[in-house]
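Throughout the sequence shown, residue numbering follows UniProt numbering, covering 1 to 273 in sequence.
Treat the hints as calculated values from the structure; they're not laboratory data.
Mixed in with the good hints there might be a few duds.
What follows is a list of derived Cβ distance ranges for each label pair [what the hints assert, rightly or not]:
no., residue 1, residue 2, range
1, Arg130, Glu26, 32 to 42 Å
2, Ser28, Pro131, 40 to 50 Å
3, Val203, Phe93, 22 to 32 Å
4, Ser173, Phe119, 25 to 35 Å
5, Gly172, Arg112, 19 to 29 Å
C-beta: ideal position from N, C-alpha, C; glycine also.
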Amino acid sequence: MVGFSTLKVFALAAAKSRFLPGSIQEESNRLRRSFLPGLLFAGLMWLVFVPAFFLDLDLGSYGLYPRRLHGLLGVLTAPFLHGDWAHLLSNTFSLILLSAIMVFMFPLSSGRIWVCLFFSTGILAWLMARPAYHIGASGIVYSLASFIFFGGMFRRDRSAVAYSLVISFLYGSMLYGIFPTEERVSWESHLAGGIAGLIFAFVFRHTDVVPAEPELAPEPEEPEAITQPPHINASFTGQPQIVVRYTFVPGKPEEKPESGLEKADDAFRYFGN
Numbered sequence: 001m002v003g004f005s006t007l008k009v010f011a012l013a014a015a016k017s018r019f020l021p022g023s024i025q026e027e028s029n030r031l032r033r034s035f036l037p038g039l040l041f042a043g044l045m046w047l048v049f050v051p052a053f054f055l056d057l058d059l060g061s062y063g064l065y066p067r068r069l070h071g072l073l074g075v076l077t078a079p080f081l082h083g084d085w086a087h088l089l090s091n092t093f094s095l096i097l098l099s100a101i102m103v104f105m106f107p108l109s110s111g112r113i114w115v116c117l118f119f120s121t122g123i124l125a126w127l128m129a130r131p132a133y134h135i136g137a138s139g140i141v142y143s144l145a146s147f148i149f150f151g152g153m154f155r156r157d158r159s160a161v162a163y164s165l166v167i168s169f170l171y172g173s174m175l176y177g178i179f180p181t182e183e184r185v186s187w188e189s190h191l192a193g194g195i196a197g198l199i200f201a202f203v204f205r206h207t208d209v210v211p212a213e214p215e216l217a218p219e220p221e222e223p224e225a226i227t228q229p230p231h232i233n234a235s236f237t238g239q240p241q242i243v244v245r246y247t248f249v250p251g252k253p254e255e256k257p258e259s260g261l262e263k264a265d266d267a268f269r270y271f272g273n
């Protein structure tokens, strides 16, 4: 429940960061659907283990046996076989949660990623493990954890980095599982899963990329009001009136010139303003 709550918080945060209409509800529904592949895989694990437990069947010989042709069958069967209840339960919860995160991060490519991680983990374990029967889904769990962690480092978008940090917080102690600390623990399968997750995190780093957030253009600044003289800003409500003032200045009485060739005419002078 803690893991689901943590995943939901980050899923809703990722929805807010995508600026999509109704994205919160859409991402919440997609989060629920992302649990389906892990639940189906875990259901098959339980479907194999429970009857074998009550019927006291030993299915260990169907596990993965390295570098033997008959052991290649274990690439398909080993993840569904478990030795006891503790082994089954620990792998069940981790696989469901990690699968949900991976499917949520890569909704379009999750099917291909599942197939690649499943087969590459088994084949690498078949090539490098000790000569013994290896069973359990822990290799798949490690491949999912590694894929999510390195996927966040390679992609570097905010949601992928957030999930990478979740894996570091919840499953950081898994790092010790890739070392030979216990004889009955298949650390080779853990290491194979870690390598497979790293490889395919790089391969799928450009798929299902979250679109970049749109940059908001700055609002244009309003131009400052230009102060103009009152007579320029004035509005006319009617036809403009032109006033012309005339001044009449009487001239001197006409005088007959001494000669007929000259005549002074100052009778009218025009002034206008």
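Distance restraint hint 22 to 32 Å, applied to the beta-carbon atoms of Val203 and Phe93: At 27 Å between Cβs, range holds.
Is 32 to 42 Å respected by the C-beta to C-beta distance linking Arg130 and Glu26? violated, 47 Å
Does 25 to 35 Å hold as the CB distance between Ser173 and Phe119, or does it fail? Since the Cβ atoms of Ser173 and Phe119 sit about 27 Å apart, the hinted range of 25 to 35 Å holds.
Falls inside 19 to 29 Å, the C-beta gap from Gly172 to Arg112? holds, 28 Å
Does the hinted range 40 to 50 Å hold for Ser28 and Pro131 at CB? holds, 48 Å
Checked against the numbered hints given earlier, the structure breaks only hint 1 and satisfies all the rest.
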